[in-house]
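J.: Residues per chain, in single letters:
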Amino acid sequence: MKYLPLILRNVTRNKIRSIFTGSSIAVSLFLVVMLYSFLSVQDANNEASKVHNRIIAMNVQGLTGDVPIAYVDRIRKIEGVRYAVPYSWYGGMYKDDKITFGQFGTDANSIMNVLEEYKLAPEQLAAWKADKTGCVVGSILARNKGWKLGDKVPLKGDIYPVNLEFTVRGIYEGSSSTDREMLWFHFSYLDDSLKEINAPTAGNAGIVMLNAESADIMPDLMKKIDSTFASSDAPVRAMTEKQFQQSFMEMMGNVRGFIRYTSIAVVVALLCVAANTMAMALRERTREIALFKAIGFPQSTILGLFLSEAVAIGLLGGVFGALGAKLLFEVVDFSKWVPGLGWLYVPWSTALAGVALATAIGLVSGIYPAWRAANVSVVEGLRKIV
Amino acid sequence: MSDNHAESIVALLNVSKGFMRDKLEIPVLTNTTLHIPKGDFVAVMGPSGSGKSTLLNLCAGLDRPTTGKVIVNGQDLGELSEARLSKWRSENLGFIFQMYNLMPVLSAQENVELPLMLTPLSRAERRKHAEASLRIVGLSDRADHYPRQLSGGQEQRVAIARALANDPVLLLADEPTGNLDATSAQEVLDLLESLNEQFGVTIIMVTHDPKAARRAKRLLHLEKGSFVQADIEALETSLRGVAR
Numbered sequence: 000m001k002y003l004p005l006i007l008r009n010v011t012r013n014k015i016r017s018i019f020t021g022s023s024i025a026v027s028l029f030l031v032v033m034l035y036s037f038l039s040v041q042d043a044n045n046e047a048s049k050v051h052n053r054i055i056a057m058n059v060q061g062l063t064g065d066v067p068i069a070y071v072d073r074i075r076k077i078e079g080v081r082y083a084v085p086y087s088w089y090g091g092m093y094k095d096d097k098i099t100f101g102q103f104g105t106d107a108n109s110i111m112n113v114l115e116e117y118k119l120a121p122e123q124l125a126a127w128k129a130d131k132t133g134c135v136v137g138s139i140l141a142r143n144k145g146w147k148l149g150d151k152v153p154l155k156g157d158i159y160p161v162n163l164e165f166t167v168r169g170i171y172e173g174s175s176s177t178d179r180e181m182l183w184f185h186f187s188y189l190d191d192s193l194k195e196i197n198a199p200t201a202g203n204a205g206i207v208m209l210n211a212e213s214a215d216i217m218p219d220l221m222k223k224i225d226s227t228f229a230s231s232d233a234p235v236r237a238m239t240e241k242q243f244q245q246s247f248m249e250m251m252g253n254v255r256g257f258i259r260y261t262s263i264a265v266v267v268a269l270l271c272v273a274a275n276t277m278a279m280a281l282r283e284r285t286r287e288i289a290l291f292k293a294i295g296f297p298q299s300t301i302l303g304l305f306l307s308e309a310v311a312i313g314l315l316g317g318v319f320g321a322l323g324a325k326l327l328f329e330v331v332d333f334s335k336w337v338p339g340l341g342w343l344y345v346p347w348s349t350a351l352a353g354v355a356l357a358t359a360i361g362l363v364s365g366i367y368p369a370w371r372a373a374n375v376s377v378v379e380g381l382r383k384i385v
Numbered sequence: 000m001s002d003n004h005a006e007s008i009v010a011l012l013n014v015s016k017g018f019m020r021d022k023l024e025i026p027v028l029t030n031t032t033l034h035i036p037k038g039d040f041v042a043v044m045g046p047s048g049s050g051k052s053t054l055l056n057l058c059a060g061l062d063r064p065t066t067g068k069v070i071v072n073g074q075d076l077g078e079l080s081e082a083r084l085s086k087w088r089s090e091n092l093g094f095i096f097q098m099y100n101l102m103p104v105l106s107a108q109e110n111v112e113l114p115l116m117l118t119p120l121s122r123a124e125r126r127k128h129a130e131a132s133l134r135i136v137g138l139s140d141r142a143d144h145y146p147r148q149l150s151g152g153q154e155q156r157v158a159i160a161r162a163l164a165n166d167p168v169l170l171l172a173d174e175p176t177g178n179l180d181a182t183s184a185q186e187v188l189d190l191l192e193s194l195n196e197q198f199g200v201t202i203i204m205v206t207h208d209p210k211a212a213r214r215a216k217r218l219l220h221l222e223k224g225s226f227v228q229a230d231i232e233a234l235e236t237s238l239r240g241v242a243r
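Listed in order, the protein sequences are those of chains A and B.
To convert, note that position 56 of the first sequence is 55 in numbering that gives the first Met the number 0; the numbers rise steadily by one, no gaps.
To convert, note that position 102 of the second sequence is 101 in numbering that gives the first Met the number 0; the numbers rise steadily by one, no gaps.
Bear in mind the hints are in silico, worked out from the structure with no lab data behind them.
Do not rely on the hints blindly, as some may be mistaken.
[Unchecked claim] A few chain B residues that don't get close to chain A, going by computed Cβ distances all over 10 Å:
#1 I25
#2 T29
#3 G48
#4 N72
#5 D208
[To be verified] Taking beta-carbon pairs under 8 Å as the criterion, some of the chain A residues facing chain B (in silico):
#6 K1
#7 R8
#8 N9
#9 R286
#10 E287
#11 A293
#12 I294
#13 G295
#14 P297
#15 V377
#16 V378
[As the list claims (entries may be wrong)] Restraint-style ranges between C-beta atoms, simulated for each label pair:
#17 A:S22 x B:S193: 47 to 53 Å
#18 A:A355 x B:N178: 42 to 48 Å
#19 A:W370 x B:F18: 21 to 27 Å
#20 A:I258 x B:A82: 42 to 48 Å
#21 A:S22 x B:R213: 52 to 58 Å
#22 A:W370 x B:L120: 26 to 32 Å
Quick caveat: nothing in here was measured; it's all calculated off a predicted structure.
Yeah, the Cβ is synthetic: ideal placement off N, Cα and C, and Gly gets one too.
Assemble the whole structure, with the sequences as input and the hints as a guide.
T.: Shown next as structure tokens:
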């Protein structure tokens, strides 16, 4: 501890360079922590969703194929199924929005039993059920769009060739990790609109979502669902919600691998930046290091001083970058600018892992310069002095 | 020069030192024997490349002789490992350099405390020692000043205070006035003289400046790696010649 003031003075002696190096680490760590939070929050949500025993039945062709709406009733009748609902992505555009948000046609009678982690006031649920053009929206979506009960929400069909106008009948809530940026409406409203124009997609849902009576029957239940429709025109494949989420992510490519390799590249780049900073410090301070050795500072202390300096720079960058990301996501609602990010937050474990990573970057980047410093020849160093 | 190194604070016994340059060994000191008694103030002069700095480095244990022994304060430096040499230096030596070599990020007081960080002294005790050292060099009022806020002469006095902080048995000064104006050089030499006379500190000072060398009790003249006869009187004569 007695060397701490000396270490801190050295860290701040070339303020511009330290700020630039620290900022490089901070900004990069901010991005890495954000990307990893995306994965870790998804993982956490997937794990948490296990308790709901949910199963997704989708066309064997994947999300590009449809599931006939009649399957919903047939699935409901299979032993072990508690509730089953159609779940169809509408993908309409609201006014001048450039990015859509989650809009799903479903069954108002059962959706709150299937997605039981969301809460909707009973009178709002009743109002929704009573209004065929009614919809329920998440609290974040309602806040961002300025919607309140009774407001009209016109959506322009993009995937489907029909435009739909909804009336907000309910605003659902959920915990901070849940998606509160969705809009649920009656599947029948969409389906009837499609039938009116004789659209070939009428009578079909995107997927069927159901929950099982218990976790231990889920494997058998999925097999039963698969076998029930195996010889039909539209065979389905049942999977757990976690498997569905993973396959959904895989559709976007190897996101996990992309994030991992991007992070590795960032870390390597940071190592080079930090090591260069320390190498410059070493070159500039050869005389001082020689002096330290001359007056009796042992190699181990000089090694420790230089390493501590590198660690301090990394740590500062990590604190600002990783904890800054944590703080920023707590304070700022990014869903205002990037729809769909309302569920994202930086878990403490990810933020602290970011700080640890930055510290490790500092440590590793300092090893070679510190070793060089500890081995500076006193005679050569002092020769520079005289 | 006496052969009895038991009474000497510094004894070089048949010391030779050479450096390898492109596979050729360049001799710097040749079979040199030297005894410096405790309380002596020795000036070492000689042309560039004569081995003055090498002599200081050997006395400080910063370099090792090719042959021969270097004994300082009764310790044969050849017997010590690098780690033990570091510790020994911190307990026995004080250094003064031409370029002062103060840490720019530390105040005068903190610079003086630097060698004391290697001791088990508490922070308060280190501060007390540093204050005493700064008092000796007359810079108590500049304790909180940073090197950039001090004149060259003041910087060198802080460096002297740093060299004194751990109460060394031997002070090694390498061109301590080489970077100073005449007035500051006089102040620094006055200080070294009084340290030697009042506190009995043994000093070896390498210098090119005959006026500085005149302040020492004894003059050693190095030429081509060997000591040649020289004394203060001869130096005085030479200085008078310069004065005319």
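J.: Which hint numbers doesn't this structure obey?
T.: Violated hints: none; all satisfied.
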